Amino acid sequence: MASADTAKRGGLMSRPTAETGWTSWLTTTDHKKIGILYFWTTMIFFFLGGVEAGLVRFQLAQAETSLITEEIYNQMFTMHGITMVFLVVMPLSAAFFNYLIPLQIGARDVAFPRLNAFSYWVYLFGGIFLYSSFFLGGAPNAAWVAYVPLSTDAVSNMGFYAIGLQIVGLSSLAAAVNFIVTILNMRAPGMTFMRLPVFIWMSLVTNFLLLFAIPIIAVALFMLQFDTIYGAQFFQPATGGDPVLWQHLFWLFGHPEVYIMILPAMGIVSEILPTFSKKPLFGYAAVVFAGAAIAFIGFGVWAHHMFTSAIGPVARSAFSLATMFIAVPTGIKIFNWVFTMWGGKLRLNTAMLFSIGFVSMFTIGGLSGVTHAIVPHNAQQHDTYYVVAHFHYVLFGGALFGLVAGMYYWFPKVTGKLMNESLGKLHFWTWLVGFNLTFGPMHMSGLLGQPRRTAVLPGELGGTVEIYNLLSTIGYVVLVVSSLIFITNLIKSIKGGEPAGLDPWDARTLEWLTDSPPKHYNFGTIPTVTHRDEFWHRKYAEDETGTPVAVPAGGSEEHDAAVRDSEAEAEEHIHMPDPSYWPLVMTSGMLPMGYALLYASIPLGIVAVLWMLVGMFGWIIEPVAEGDDDEPEPVPAH
Amino acid sequence: MSANPETSAPQADAEHDEHGHHPTPRDYVRIALILAVLTLMEYSTYVFDFGGLGIPLLVVLIAVKFVYVASWFMHLKFDTKIFSRFMYGGLALAFTLYVLTLIIILFASATGME
Amino acid sequence: MTAGAHETTLGLDHRKLAMWVFLGSEFLFFGGFIAAYLLYLDTTAGGPGVEIFDIPFTTISSFVLLMSSLTMVLAHHAHTKGDMRRMRLWVLATAGQGAVFLGGQVFEFNVFWREGLIYGDSPFASAFYTLTGFHGIHVFIGILMLLGLYSLTLTGKIKPGQPIKTEMIGLYWHFVDIIWVLIFGVVYLIPELALLE
Amino acid sequence: MTAIVVLALTLLLAACAGDQSAMHPAGPYAQGPHDLIVPVLWIALGVFILVQGLIVVAIVRFRRRNEDDTELPVQVHGNTRLEIVWTIIPAVILAAIAVPTVQTIFETMEEPDDPDTLLVEVIGHRWWWEYYYPDYDIYTANELVMPVDTPVRLELTAADPGRSPEDGVIHSYWVPPLAGKQDAVPGQVTHLNLQADEPGTYLGQCAEYCGLSHVNMRNRAIAMTDEDFDTWVDQQTQPAEVPEEGTLEAEGREMFYGEGLSRSCAACHQIWEGDTARAPSQGPDLTHLMSRDEFAGAIYDLDEEHLRDWLANPLEMKAMQPERGIGMPDLNLSDDEVDALVAYLLTLDPEDS
Ligand code: HEA
Ligand code: HEA
Ligand code: CUA
Ligand SMILES: [Cu+2]
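Residue numbers (the working numbering), protein chains in the order written: chain A, 163 to 800; chain H, 19 to 132; chain D, 696 to 892; chain P, 158 to 510.
The set of hints was computed from the structure by calculation and includes no laboratory data. This structure is a prediction, so every number in the text was calculated from the model and none was measured. Even for Gly, the Cβ is constructed at its ideal location relative to N, Cα and C. Hints should not be assumed to be uniformly reliable.
[Claimed, not checked] One side only, chain D facing chain H, incomplete, derived with CB under 7 Å:
hint, residue
1, W715
2, S764
3, V806
4, F807
5, H869
6, P886
[To be verified] Straight-line distance between alpha carbons at most 25 Å, and here's what the computed SDA-like set of lysine to any residue pairs gives:
hint, chain 1, residue 1, chain 2, residue 2
7, A, K657, A, V747
8, D, K852, A, V747
9, A, K579, A, W591
10, D, K776, H, I73
11, H, K99, D, G706
12, D, K854, A, G777
13, A, K195, A, S728
Between the sequences and the hints, there should be enough to build the whole structure, so can you do that?
This is the structure:
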């Protein structure tokens, strides 16, 4: 390896080495840094999506007002949906995957560190591409579900949607391959499947969902793009194309997509509830199995979004049944979480509160989901605010509550500092109240007939509906205040939080074994795993009756070594991948590529292809060394 | 060729010690010949009239060709089962979902029932 | 420890595993276009339909692609045996056959277009060109990878005892070939046969 | 924009009788689904109380009360019997719900066997509804007129411009008190059954997002007694009256057919005078315009003032895209032209004849 080593320090193709400073962020291949990049980027998009939601809410605060025009309103809710789904919740989950998967399975990085950087940058450029639409003739305005033929209409600006989501999808697909390989192939010795932390299980399931769902939306998006920009006829009724085909393809992806958004959060609370209940997860196997079952059934229920579309009674009945029965595995999870708390010793700090909030709020959203599955009545609920209420309860009350719980829980690991608990609790309670105030009334207004995606609240709906809408808008204001509290807490705690130490929560999984923040190479020595909840088992011994008792620190040298990662005295023996410019160089070609496709510009297309080829070329020929994702195999001795 | 025996971890599938029965170029050529014959048979459905048997025959021929390429050229026959699972799992999922979609669109879309 | 040949949990090389994971998902990609094509078989908006296919011609080009899988696997075999001269030869042969197939496709598209199968005229035409076009792009990418592989063996970046890249590119190549086995049957032969009957 | 605000206020004051709530069914096709959802909502409430109750009890009973961490709670790993219980019970509940669900699906979708069933063809346009009564050869817009106690079967499709599916987009027909919604898909035909128990006006709304003015694509169903309905049919099947020569109305009629205008109204609107066969037109059929209460996607009361605004400034009254053939163009009419046209339109009232 010596030759590679010298090569990487010099010459034309030398690799960057900075580990701090801004270049280190642009060139990083460290899963932890990439996770942090993902995190802050989603925060910015969350802010943008929140502003868009605000315009929607203020427009609807009163009946028959016109704060913004129909034109603007339609762009707002469309971009709100796209942003929250594709640029906030999915990448925020990816932030957790990135940071935690290697740490929890006892690895030093993901399987393909440069591909990991690639995923992040592609996501960022996809987001920038989507948002550039605001400056280039208007943002997409045909709803996040992009029903054709409306969305193939040039004035719907859905070219940005078709190409932008394709880019973001590429990011998810690459990440899915990366994480699947990482989880399957990089577990620490002894980390068998039934010893995996539940978060890892749910990550694995989610990434399988992504792996199989992304190609479906890719197909649909290509068809949409070709119809819109190049005159193809996939969905054009005039020549016999079938608009309903789009709905099938979109929801074939779209329903697995909603589980893509919820399963990571479910994994997170499955880690937090046991920790703060001081009990192992109730029914580990059942929870894991239910997660896999949800994913599996989740592929077979897509047409429940199309109950009022052009599908017949047999299909409606079949999908109604399939949909209802997803409640069974989900219920298994809910009850196991509740019984994890039952009989425990609950420590109600912020992370725990958000996790309990998750279980509680998600149940509401899930129950309204089951009412959607009652087809005859779905025909009343569909495209009303009752549906808007449902999916905000599962997405905000579910996915976001869970992800925020994860932020509070792992903040000490990432920064080495504790987050302020009183601000945290204030954040929780204002969120809980604001959230319910915003979305609770939508159940009522929806059943009273308020349709979604309407730019004005029709006065004909009556005063009751108006009051509900006003309440929603007030709830939104509470949410804004609450979000500001959160951001303040985040920044304050990063700057001056109390030191956290290795294991502030008395936690159960391997990431707490190493330093906070973890060292560059995660573990000095890769831990050997002998139990589920390995770290917990290292801290507690069982007495004669089988009850675990804490082994006091300093009890024995052996024990102290087991609960603390050894400082790798031989640091030079650990080879971590070097940073690299090439993921950034290559992926930035996505922007010209996107515009070339959008404006059907061949010269720009050639520039973009060359640009990306140069990036790929550099990627391939840059020196690689041991520890890299592209390291040469050792030549076997003959 | 998945990993060197001396570096593969202890949990590696026992059966994927492939050096025992690794196919030789001769095997590959034999498979290619079979594939050639199968292709010729496919073509024959276009030349001769097999009546109602034509399409079922074609389906079988396609499947056999598929399996031959996958098992031999892609080594699935000799590699760990995990790879086969990805291959046939992906195929099965795609087949199920899209066939269901086609069935719904073609046969279960009429809202105007008597 | 990240890369391939180190100890891995399953004892498999990351890169090879990743390729398989990815290929599994590709079925859903091609499946979508095939489904759309089947849905629109008869939706020709007055333009030409499946009768336009030239089965003898496509049989030959399909056969060429099929045989490129043979040369690909021989290239890999030569690489594992350390015979780089032969390996390069087979790699070039594979890329060459891929190019012949692509040339055939370009020719075929030209003929169809002149006969009135215009991309934007009917869902059938859109579905046909898009599906086979995406397959063609896959072949094209495969050729680029083969040429890249060829050059890397020349510069010595890929050495005799390191066949993993050859194997991965081979897997991709065979997969693209398999997809064409499906397309040739389901897109060309079966509809043509159904039409003849 | 001020126009919208002003009109909004008028609309607000005019907020008339009628209801758009799904929870007040007024006919069997709404009652069936409603009878299904009410017990389901109760079950959901039960599950809700159970789960939230368990959570609250757990928090209250098991929260850590002191800082003492040395003693651990009993380490329970799971309980197979409980797992089975909470798998089976929800499954049974759902199976019980599933049976009537499937039944009701078929009941609501079946073609009514009542021989009096009224067939209406409905076409969703951006952004208004067109109705055609094949039994009576009647064309009308936005307001569906129907007899009470008689099933109405809608045959839905969508098209733009005119009857061409070319630029049609998906809409959804929905009058909550009478039935659930059903999408109208360009190039395809779908079906929906409605029936009203009582005479009255029922509010509705296009329920599939269809672009710019989706919000302005409202509709209503007006259920009448059989006699009233027969009268309505009689009126609607009469040709429109031609105003006397020399009057302002007659002048308006000339303009309607293009005299002195940049574009003829008749290019897009039909006013059937009995000399030709009735035929569909690109815009709403105006033959008996004044028999309707609302216009322009049922968002404005149909009166002189609104008509005047509409002709003078259609684009301020409603967001439309006439440059793309969608909606009503602004023909830059002078005040005099508007006067004449409105005078003529106001004569299109079958009750006067
Ligand atoms: C995180 C995202 C998420 C999740 C997890 C879910 C979960 C579910 N969803 Fe939801 N859904 C969305 C996101 C999500 N959904 C979105 C975004 C839309 C709208 C898209 C759009 O149009 O823009 C939507 C729309 C939507 C519709 C279409 C509505 C319409 O437009 O007409 C339907 C219809 O069946 C539905 C059903 C369900 C069901 C049955 C579940 C189930 O998985 C819920 C299961 C959970 C429980 C039931 C609670 C816990 C269970 C128990 C305590 C056991 C006991 C329970 C019983 C016995 C009932 N959803
Ligand atoms: C995860 C998904 C998600 C989330 C979190 C939200 C959050 C919110 N959504 Fe929703 N929403 C969707 C997904 C989501 N939404 C989807 C998919 C649709 C359908 C779109 C369609 O029909 O096409 C939709 C549609 C939708 C509608 C219906 C629009 C219509 O049909 O016309 C409404 C209406 O009230 C609404 C409101 C809100 C509100 C008030 C919030 C609030 O909770 C938002 C709160 C957020 C903030 C207040 C941001 C504050 C953030 C900061 C202050 C951080 C600052 C950070 C930095 C400075 C770095 N949303
Ligand atoms: Cu028509 Cu919405
Ligand atoms: Cu769904």
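Hint check results:
Restraint check, W715/D versus chain H: the minimum CB separation of about 5 Å is within 7 Å; hint holds. A distance limit of 7 Å between C-beta atoms decides the matter here; for S764/D the minimum to chain H is near 5 Å, and the interface restraint holds. The closest approach between the C-beta of V806/D and any C-beta of chain H is roughly 18 Å, which is over the 7 Å cut-off, so the hint fails. Below 7 Å, beta-carbon pairs count as interface contacts, and F807/D has none with chain H, the closest being about 18 Å; its hint is therefore violated.
The interface hint given for H869/D is met, as the beta carbon of that residue sits about 5 Å from the closest beta carbon of chain H, less than 7 Å. Annotation: interface hint on P886/D violated; nearest CB of chain H at approximately 10 Å, more than 7 Å. Between the alpha carbons of K657/A and V747/A the distance comes to roughly 32 Å, so the proposed pair goes past 25 Å and is violated. Under the criterion of a C-alpha separation no larger than 25 Å, the hint pairing K852/D with V747/A is consistent with the structure, at around 22 Å.
For the proposed pair K579/A and W591/A, the alpha carbon gap of about 23 Å is at most 25 Å, so the pair holds. Restraint check for K776/D and I73/H: not satisfied, since their Cα atoms lie roughly 42 Å apart, outside the 25 Å limit. With a CA separation close to 13 Å, the supplied pair K99/H and G706/D stays within the 25 Å bound. For a cut-off of 25 Å, the pair hint linking K854/D to G777/A stands: about 23 Å separates their Cα positions.
Restraint check: the Cα-Cα separation between K195/A and S728/A comes to about 22 Å, which is no more than 25 Å; the hinted pair holds.
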